[in-house]
Amino acid sequence: MDHQLLTTILFLAVVGLTVGITIRASRTSSGASDHYAGGRSFSGFQNGLAIGGDYMSAASFLGISGAIALYGYDGFLYSIGFLVAWLVALLLVAEVLRNSGRYTMADQLAYRMKQRPVRTAAATSTVVVSIFYLLAQMVGAGALVTLLLGIDSGMVKNLTIVAVGALMIFYVTVGGMKGTTWVQIVKAVLLMTGSALIVVLVLAKFQFNLSDLLGTAASQSGHGSAFLEPGLKYGVTTTSKIDFLSLGIALVLGTAGLPHILTRFYTVPTSKDARKSVLWAIGLIGAFYLFTLVLGFGAAALLKGDEMAEVKSSGGNLASPLLAEAVGGGAGTTGGAILLALIAAVAFATILAVVAGLTLTSSVSVAHDLYNSVWRKGQATEKEELRVSRYAAAGIGLVAILLAIPAQKLNIAFLVALAFAVAASANLPAIVYNMFWKRFNTRGAVWSIYGGLISAVGLVIFSPVVSGKGVDATGKNLSLLPTSIDISWFPLENPGIVSIPLGFFLGWLGSVTSKEPAAQERYTELEVRALTGAGAEGAVQH
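The numbering used here numbers the first residue of the sequence shown as 764 and each following residue consecutively.
Everything labelled a hint here was simulated from the structure, so no lab data went into it.
Don't be surprised by glycine CBs; every beta carbon is placed ideally from N, CA and C.
Hints should not be assumed to be uniformly reliable.
[To be verified] Okay, derived cross-link-like pairs now, PhoX-like style, lysine-lysine, Cα gap no bigger than 25 Å in a straight line: (1) 877 - 1075; (2) 1232 - 1075; (3) 1232 - 996.
[Said to hold, decoys possible] Here are the computed distance ranges between Cβ atoms for each label pair: (4) 1202 - 1005: 29 to 35 Å; (5) 1008 - 776: 18 to 24 Å; (6) 986 - 1035: 46 to 52 Å; (7) 1153 - 967: 45 to 51 Å; (8) 1241 - 1005: 16 to 22 Å; (9) 1154 - 987: 37 to 43 Å; (10) 1238 - 1067: 20 to 26 Å.
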């Protein structure tokens, strides 16, 4: 069978499967509870799989393995950060958020504060974080399809991004949370199965001796033992060391503030199921990030010359698909073509599932928080709110498409790290203060959200990511803006070390300078609800 035909069939099969799941789920969905929270009908195990499917994005599968293939030990630090972050999510937010909210992050924040300013801030932050995350998935989709078609064309990448955007709008508007959750469950199973297969094949090349694999990767990388030691990417200068610390803080704290992960806790019926969800997710995600170790070092060990050049030119994003082709027999072989098509199809399913979750979360926040609670002051009907949610999904999808096209040169693991930094700076301070500090009030919430959001995004705009990084050995521009423009006065690529403490500080400062009386009774009610789940499905507005 022609290799391109095989690839096309597998791609269409994945898309057909996800579309079928979405249509089937739409037949059992009715009303806001089903569209927003899947009717709270998923078990802890099912939701754990869905969280894993939501969390193990294209950044994990493509970006992290690529970062390890290029930078060795320093690339693996992404995996460690993403995994450790789950302990923070489990300890701080999983159960209390499930118990005290209803559909969105803003429900929990607005329970004891003024509705309009807090919901506006929370919805704004949700949309911004989601769009950054969406960019990563779409960039990954463009890189995948051009590899499989063998056409390194900007037009093909752009059309792929548009197609992914159209599909994600379909999933959200038709399937809602039920359809999205089942797509994520299926995707998690496919991803773990496909990754495990490649890991076994890579280890078999080295007689299942991990030491041999690492040694070969180090020698093939051209860096020798330095490839297996800290410092290849983040230890060269003091600035790069601080940049790594900033990255680590953002990764560890960011998960507990990611809106599309937080809303997953609303899909289970009890707080016990919320805890089970996180435990299952940790097991699944932990195993997967160990897989990335083998995938990344396996790519460094087994990919040669032109293949590694292709990995480098893609920012590392093609390491896993090219490794699959190599362990299947190499380019031009049937085995290589089958594995390449299989892994690319799994990666595409990964992208589709994650973009659906992100788009759903942000569109629900627009409809539930902005439209109903802020603009209509809680008077909108459920039908009106659902209609606005579907319109919002289309609008957010369009914005993500337009922004993803110029962002294609960036490593997608970096793009997701940026989303984590914004989430940790804007969302986490407000959530933590709201749950554990009686004096926290409306001004504190608004200042912490907007302060963290504006500082994180603003510092990136004035960082080397956007301008001033120069060109590499091949003359390729390493920043987004042309080399003639340099506005990079902020030296770090990761803003978290500045923006996260600033978010917490502004939350404190806003609260202590406000004359708004502490809503002691509402805080006590929220505390009881967070600990017991009593009244969690009731209205959260007052």
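Taking the hints in turn, this is what the structure says about them:
Pair hint residue 877 plus residue 1075 does not hold up; C-alpha atoms about 50 Å apart against a cutoff of 25 Å. For a cut-off of 25 Å, the pair hint linking residue 1232 to residue 1075 stands: about 17 Å separates their Cα positions. For the hint pairing residue 1232 with residue 996, the CA-to-CA distance comes to about 15 Å; that is within 25 Å, so the pair holds. A beta carbon spacing of about 33 Å between residue 1202 and residue 1005 agrees with the range 29 to 35 Å that was offered as a hint.
One distance hint, 18 to 24 Å for the beta-carbon pair residue 1008 and residue 776, is violated here, with the actual separation near 44 Å. Distance hint check: the CB atoms of residue 986 and residue 1035 are about 48 Å apart, consistent with the given range 46 to 52 Å. Hint check: residue 1153 to residue 967, Cβ distance near 48 Å, so the stated range 45 to 51 Å holds. Range check, residue 1241 to residue 1005: about 19 Å between beta-carbon atoms, so the 16 to 22 Å window is met.
Range check, residue 1154 to residue 987: about 56 Å between beta-carbon atoms, so the 37 to 43 Å window is missed. For residue 1238 and residue 1067, the Cβ-Cβ distance of about 23 Å falls inside the hinted range of 20 to 26 Å, so the restraint holds.
Checked against the numbered hints above, the structure violates hints 1, 5, 9; every other hint is satisfied.
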